[in-house]
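Student: Residue numbers (the numbering used here), protein chains in the order written: chain A, 1 to 228; chain B, 1 to 228.
By construction, these hints were calculated from the structure, which means they are not laboratory data.
Where hints are given, some of them may not hold.
When chains are identical, the list treats them as one kind, so a pair holds in a single copy or across two.
[Claimed, not checked] Below are the DSBU-like pairs computed for lysine-lysine, each with C-alpha atoms no more than 30 Å apart in a straight line:
| no. | residue 1 | residue 2 |
| --- | --- | --- |
| 1 | K168 | K89 |
| 2 | K168 | K213 |
| 3 | K168 | K112 |
| 4 | K213 | K46 |
| 5 | K67 | K46 |
| 6 | K168 | K67 |
| 7 | K89 | K67 |
| 8 | K46 | K89 |
| 9 | K112 | K213 |
| 10 | K89 | K213 |
| 11 | K46 | K112 |
| 12 | K112 | K67 |
Just so you know, these numbers come straight off a predicted model, no measurement behind them.
2 protein chains.
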Amino acid sequence: MSTGEAIPIVGGTGALGFGLALRLAAADRPVVIGSRDSDRAEEAAKRVREQVAGAEVEGAENDDAAKRGPIVFLAVPFRAQSENLTNLKSALTDGQILVDATVPLAAAVSGKATRLLGVPQGSAAEQAQEMVPDGVTVISALHTVSAAALGSLDTELDEDVLVTGNPKEAKRRVAELIALIPGLRPVNAGALETARLVEGLTPLLISVNIRNKSHAGIKLTGLPDELW
Amino acid sequence: MSTGEAIPIVGGTGALGFGLALRLAAADRPVVIGSRDSDRAEEAAKRVREQVAGAEVEGAENDDAAKRGPIVFLAVPFRAQSENLTNLKSALTDGQILVDATVPLAAAVSGKATRLLGVPQGSAAEQAQEMVPDGVTVISALHTVSAAALGSLDTELDEDVLVTGNPKEAKRRVAELIALIPGLRPVNAGALETARLVEGLTPLLISVNIRNKSHAGIKLTGLPDELW
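So that you can see chain A by itself, here it is in the shape it has in the complex (with noise of 0.2 Å):
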């Protein structure tokens, strides 16, 4: 039996999203599967439905998944990104979360994976906050996380999560939904626009994964236990 607030997932059919729906829903949250197509989004809540017993999982379009919880996820290519804020704006409303998972890879203009674009704004995040709505805030996380070990429950998790953003309450909020997975760790790693900073960390994990044949995390050492 589910609990808590609906979690929608923007971008929910894509490899980032989908693992967290099901790992949000393995944490027995409700979770709303986001897509432009509601039949591929209905799809994929199934596929989470059949691997978690009693998941409330449930497929919609993009705009109406945004609508049916107070944090929404947004997790799409950078290609993406824009277009996607453009059809939320007429869904996200005054006091909404947004949390950006977006990177600038050089691969969404087919350069490399291992390259990040430079961004007007700074970050794919601060691209974000300009956006949306006012009222709505951007917070920046969830971009070491492999996709592949987030969408299969076996895999056990171990790392941390750099969370940045800039009320820190809004940071806190989104920390929590985090925390429920087992393994990873939030981390505050400071104001929106350090999210330029951890952007770029998943170009380096790819660079480090093609010399070492790994999947490649991040966790950081000589933090405090208490960290929130």
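Go by the hints and put chain B onto chain A.
Tutor: Chain B alone, transformed into the frame defined by chain A:
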């Protein structure tokens, strides 16, 4: 009794350079601490010898120091990197490796230490590669290790050092030196251009440290046991 070729450290009187000298001396390697001022270099060498019985450590002016071994560490603040490299032009020779640990923090221009400057060449490491004499290879490393932790032999280290650079053999030689320090694991993080992403880890860790009152380091999860 120290063994192996001497390890020159340009800027070895600074916090990071001194910590490195101390740890390499403790690993029984001969070290030459470089400074603009040979008296200050000798004073730092004396401090190492006081802490490490039998240490073979001496002080010299930077350009003299740089001639003393095949792998030269450059541990200076970004605002002094270019001047140092200009001074080293007549000292470095074909076949040497320069290990650049420079981070272009905005603090170099009185900005915040949580912000990274844009460097025209892409990174401080690539600026170094542009400035060294032909035949000298720049390898980038050591951006995420706390200078304070390195400089205190009582502090147990347990973290990764991301190493970038172009010829893998040069990276491997630098990795061998780093691996002499107990608790540091060198990881091949890719080509020299990836240094721009690694250099961004320093302001990111500073941002984390401010929020969490910590001295964080980085560790990658999911890597194979055999790395080089």
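Student: Work down the list of hints and note, for each, if the structure agrees.
Tutor: Hints, one by one, checked against the model:
no.	hint	verdict
1	K168 with K89	within (24 Å within a copy, 48 Å between copies)
2	K168 with K213	between (37 Å within a copy, 15 Å between copies)
3	K168 with K112	between (34 Å within a copy, 20 Å between copies)
4	K213 with K46	neither (33 Å within a copy, 44 Å between copies)
5	K67 with K46	within (21 Å within a copy, 67 Å between copies)
6	K168 with K67	within (23 Å within a copy, 51 Å between copies)
7	K89 with K67	within (11 Å within a copy, 62 Å between copies)
8	K46 with K89	within (28 Å within a copy, 65 Å between copies)
9	K112 with K213	within (17 Å within a copy, 36 Å between copies)
10	K89 with K213	neither (41 Å within a copy, 38 Å between copies)
11	K46 with K112	neither (34 Å within a copy, 48 Å between copies)
12	K112 with K67	neither (35 Å within a copy, 38 Å between copies)
Of the numbered hints listed earlier, those contradicted by the structure are 4, 10, 11, 12.
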